[in-house]
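S.K.: Residue numbers (the UniProt record's numbering), protein chains in the order written: chain A, 1 to 308; chain B, 1 to 272.
Keep in mind that a hint or two might mislead.
Ranges of calculated distance between the beta carbons of each label pair, as one might list FRET restraints [claimed, not checked]:
#, chain 1, residue 1, chain 2, residue 2, range
1, B, 253, A, 195, 39 to 45 Å
2, B, 103, A, 71, 33 to 39 Å
3, B, 128, A, 56, 14 to 20 Å
4, B, 27, A, 67, 47 to 53 Å
5, A, 263, B, 56, 34 to 40 Å
6, A, 80, B, 2, 40 to 46 Å
Quick look at which bits of chain A chain B covers, simulated, 3 or more residues with Cβ under 8 Å [as the list claims (entries may be wrong)]:
#, stretch
7, 116–128
8, 284–290
Hints listed in this document are in silico derivations from the structure and should not be mistaken for laboratory results.
Glycine is no exception: its CB is placed at the ideal position from the N, C-alpha and C atoms.
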Amino acid sequence: MARPTSAADAAGLGQGRAIAFVLPALALIAVFLVFPALWTIYLGLTDYRLTGLAAADPQLVGTDNYTGALGDPRFLSSLWLTLLYVGGSAVIGQAGLGFALAWVLRTRGGPLRRAVEGVVLLSWILPSTVVGFLWFALLDRDDGTLNALLHTPGFAWLLDHPLLSIIVFNVWRGTAFSMMLYSAALENVPPSHLETARLAGASVPQQLRDVVLPRIRRHILTNLLLISLWTFNDFTPFVLTGGGPEGRSEILPVYVYRVALRDGQLGAGAAISFLILLINLVFALAYLRLLRGRRRHQEITAAAGPPA
Amino acid sequence: MIRRTVGRLAATVFIAVVLAFFTLPMLWLASAPFDDTPAITTSIPEFTLRNFAAILDNPYALGSIRNSLIQGGGAAALVVVLAALAAYALSRVRVPGRDVLLYLLLLLSSVVTGTAAMVPIFELATRLDLIDTHLGVILVVSGGLLPAAIFILKDFMDDTPTSYEESARVFGATPLQILRHIVVPLVRPGLATIAVWALASVWGGFLFQFILLRDPAKAPGSVILYTLYTEGGAPRLDLISTFSLLYSLPVVAMYLFVSQRYGFRFHGGIKR
Numbered sequence: 001m002a003r004p005t006s007a008a009d010a011a012g013l014g015q016g017r018a019i020a021f022v023l024p025a026l027a028l029i030a031v032f033l034v035f036p037a038l039w040t041i042y043l044g045l046t047d048y049r050l051t052g053l054a055a056a057d058p059q060l061v062g063t064d065n066y067t068g069a070l071g072d073p074r075f076l077s078s079l080w081l082t083l084l085y086v087g088g089s090a091v092i093g094q095a096g097l098g099f100a101l102a103w104v105l106r107t108r109g110g111p112l113r114r115a116v117e118g119v120v121l122l123s124w125i126l127p128s129t130v131v132g133f134l135w136f137a138l139l140d141r142d143d144g145t146l147n148a149l150l151h152t153p154g155f156a157w158l159l160d161h162p163l164l165s166i167i168v169f170n171v172w173r174g175t176a177f178s179m180m181l182y183s184a185a186l187e188n189v190p191p192s193h194l195e196t197a198r199l200a201g202a203s204v205p206q207q208l209r210d211v212v213l214p215r216i217r218r219h220i221l222t223n224l225l226l227i228s229l230w231t232f233n234d235f236t237p238f239v240l241t242g243g244g245p246e247g248r249s250e251i252l253p254v255y256v257y258r259v260a261l262r263d264g265q266l267g268a269g270a271a272i273s274f275l276i277l278l279i280n281l282v283f284a285l286a287y288l289r290l291l292r293g294r295r296r297h298q299e300i301t302a303a304a305g306p307p308a
Numbered sequence: 001m002i003r004r005t006v007g008r009l010a011a012t013v014f015i016a017v018v019l020a021f022f023t024l025p026m027l028w029l030a031s032a033p034f035d036d037t038p039a040i041t042t043s044i045p046e047f048t049l050r051n052f053a054a055i056l057d058n059p060y061a062l063g064s065i066r067n068s069l070i071q072g073g074g075a076a077a078l079v080v081v082l083a084a085l086a087a088y089a090l091s092r093v094r095v096p097g098r099d100v101l102l103y104l105l106l107l108l109s110s111v112v113t114g115t116a117a118m119v120p121i122f123e124l125a126t127r128l129d130l131i132d133t134h135l136g137v138i139l140v141v142s143g144g145l146l147p148a149a150i151f152i153l154k155d156f157m158d159d160t161p162t163s164y165e166e167s168a169r170v171f172g173a174t175p176l177q178i179l180r181h182i183v184v185p186l187v188r189p190g191l192a193t194i195a196v197w198a199l200a201s202v203w204g205g206f207l208f209q210f211i212l213l214r215d216p217a218k219a220p221g222s223v224i225l226y227t228l229y230t231e232g233g234a235p236r237l238d239l240i241s242t243f244s245l246l247y248s249l250p251v252v253a254m255y256l257f258v259s260q261r262y263g264f265r266f267h268g269g270i271k272r
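Next up, chain B with everything else stripped away, as it sits in the complex (with noise of 0.2 Å):
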């Protein structure tokens, strides 16, 4: 009796500190943006809507929000596409060595990270004259996520009869026919996950993103929060709270709008 109470309290107060630990820093995110001085938390915040004025002045912030959309978006579109296009094939079509090539990838992916392939990512980019361009992020982003993506899409397709298929095959539609008008709607809430993950990548990425971008007209979101500093070199925790919270809000809102539209459960990686 006395160890269910002693276990009880435990537990409480073990949730407690858990739920104080995860949630003060989202109120500090949530308040500090209409704070005046969001260092000093002692003092009741002074409510202001003056940080995000500064923010609408700050000459790349809304530039680099359009950058992220554009790096994120490129590399969702491109990596739906062609990984839709490869699962299809390698899951209607006997190619030979398919499973060893499938299990290759997808040991390549985890091992070739940014940390690993740091040097060589950096070469490229200046040798093919991708640095400071949005498709030098996209295509190296891409190339990161598309193995993971085939094999979670092949996962999907396999799922779905092919009897559809061999109908529309009999009335004369071709395989990109199919693809597009067949097999797509069947595996939306695939590509759906598939297209949220790489978005998201994208948009919390920092690494490739900050050794590819020199021009700060170009750089993303998730780089610009690092140059938000004064002219003395403090950072601006005005600007940078602000910030955060208005990029945050785009990767939240699509979460929970993909999850409740295709009701993909929260499965292990994915989120970047």
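The following block holds chain A by itself, in its conformation from the complex (with noise of 0.2 Å):
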């Protein structure tokens, strides 16, 4: 009889059950995730539309698409806003903000700790496009609620900042993960260490540049990666500006939906889609990168998810 190996098949379920229950998952899997990012290569070849001619029989252009978009000052505006995005809500925002709560929370937090954080993950909790058009009521019109509250009459937010309103919307709604991870962080770093720098007269930057960063490089590495990668593909600020006014919020993933679905240029868009896959692979690699060898909870559960 042959001996099951090292982990005692002990459930009897040998390699031919074994690939049996792994298979439907991979099929659902190869379908809709392999098949799609394979087929996006091949459509960002094509001159393939929604309608007319090109739809019924779509013909290779080769890189006319890329060649196309990169001469399209409407691509290179999107790219730019998103660098802007991206940088301003999740690396500045997100990650900034998440980390300095994080810190003060723990450093001065005392009874009202676990009430802020309360409050903050509440907001990572609530349904992302309930979070859109909670924001898009603040900040509609001049006598929007906000304005309204922060007596500031005449900021049109989502008219004349529409960059600006997407950015504090995927602040409010994206800070508490970076909070909770940087929270978990900073339990890896004695409190006998901070005390010592203190009674040694270091300041708080010194502190935190000596004691802390040295501890929590990887973290912060890991939170820059995942943030970055969600708020790069992340399509909800559609729900606040559509993109506009005049494109000028106009995020790579509202661009792709407005080239491909609305203007009806699936090939163009497909091309666009496979620059964004590129673009998400570098991510993914140097995050699997950090992740490798240690592999815990914490760490593989981050990557179950952007916030939709």
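Starting from two chains that each stand alone, build the complex the way the hints lay out.
M.R.: Here's what the structure looks like:
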């Protein structure tokens, strides 16, 4: 009798049955994940359209879509807006505010700590589109709720500052993740080390640089990679501004949607999607590299999902 | 001494500002549905339940919550069952190339996003006749969630001892029986985590639902929000806020329930 290998095939599965168990999941992944990725590459090389002649009989056009996109000022502006958006809302906003919160709550939070964490966490639990509309309502129009509260009439957020609006939205709903991750990371910093530094007269920036940073470098990298990837791929800002006015908040996901599905240029949209896919690949490879060798629940789970 | 006082003051101000930033929108969400004129909060809100009645009158509002339940529940069930089967096999049997497979799956799931696969997914759904069907949304979303779900569940299963399974096998239980009666109860927290995560993903999800469903009678709540406008094209803030509140409550309740029952801490990406 063939002895099952190491992990003791306790259930008597055997390789054949094991494959049968894995197959349904793999089939679904193959059809709805692997195949679309490959198909996007092919479609990006064609002049495929939603309607008209090229809908029935798309032709291969080589790299026309790519040169077309690179020559399109709207694509370049979209790329630039996306950089600003990811940099402002994820890197500076979510990670920056998240770290500051984690740090302040840990060092000076006192009895308020749980309450503040709870409130921030709630912003993460609320469905994304609800948060989108929440901010839409708050920022909408001259006499919107936020202007009334801040006593800043005439500051038309969505119309005059569309990028800033979606940045505020993304900071609000995404900071919780960074805050929790940094809270966990700061547990790795022994309080006695901080105390020693403080007694030696180190200022807060010095403490952060010399004591905290070296110990949580990995967490910072993990955090930045994940939230940048999620923000970069998120379509929800569409709910607030639809990319407008005049494309001034048209980040890449919205740009792809407009080109491919609203203007019906499927081939051109697919080409830009493929560029996004490549950028995602860089982020994901970097993340998996960080992950390798230490599969801790927390980090694995973090891979589970972008705030949809 | 002075530095300490300044530091404490700065920290207090910081916490107050952050608290206001996060609390005010929630207060709006909690109060606007009961407000007669939710756009202008400078006046004292005039309490009313009329907005809830108006939501019930909307032809798509209640139906959209049912649609969200069908799509979210369907995806959660599919993901939990398929991921449990796959994770179990991958955890217990040494399939050649297993680690590479898992690595590739995780890589793929973060690379192939809605934004990157919008066109082919739309195409695929059109050709498979899945446009305007709940099944289309369920399959597409499940395909995206499965890799991470398998990964997480495998971790849970690796942590459970195999001795019970061995004895059950001695008594003649089939692998499926063993999985159902022995392994599933052991990894229930993991399964609950995955189910909540999948359901919440669909509940808040927008892009795929938006591009795959044209018929408003099939649209989930996350998309129906987008249609609550006046005839003149202005958003109906009274309806939007009321519906937002109704639509959020189940997810928040589910989180509270599951985290209390199974004690899963807030880990990273476990929200959608």
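S.K.: For each hint, tell me whether it holds in the structure or not.
M.R.: Okay, the hints, checked on the actual structure:
{"no.": "1", "hint": "B:253 to A:195: 39 to 45 Å", "verdict": "holds, 42 Å"}
{"no.": "2", "hint": "B:103 to A:71: 33 to 39 Å", "verdict": "holds, 38 Å"}
{"no.": "3", "hint": "B:128 to A:56: 14 to 20 Å", "verdict": "holds, 19 Å"}
{"no.": "4", "hint": "B:27 to A:67: 47 to 53 Å", "verdict": "holds, 51 Å"}
{"no.": "5", "hint": "A:263 to B:56: 34 to 40 Å", "verdict": "holds, 38 Å"}
{"no.": "6", "hint": "A:80 to B:2: 40 to 46 Å", "verdict": "holds, 45 Å"}
{"no.": "7", "hint": "116–128", "verdict": "holds (count 11)"}
{"no.": "8", "hint": "284–290", "verdict": "holds (count 4)"}
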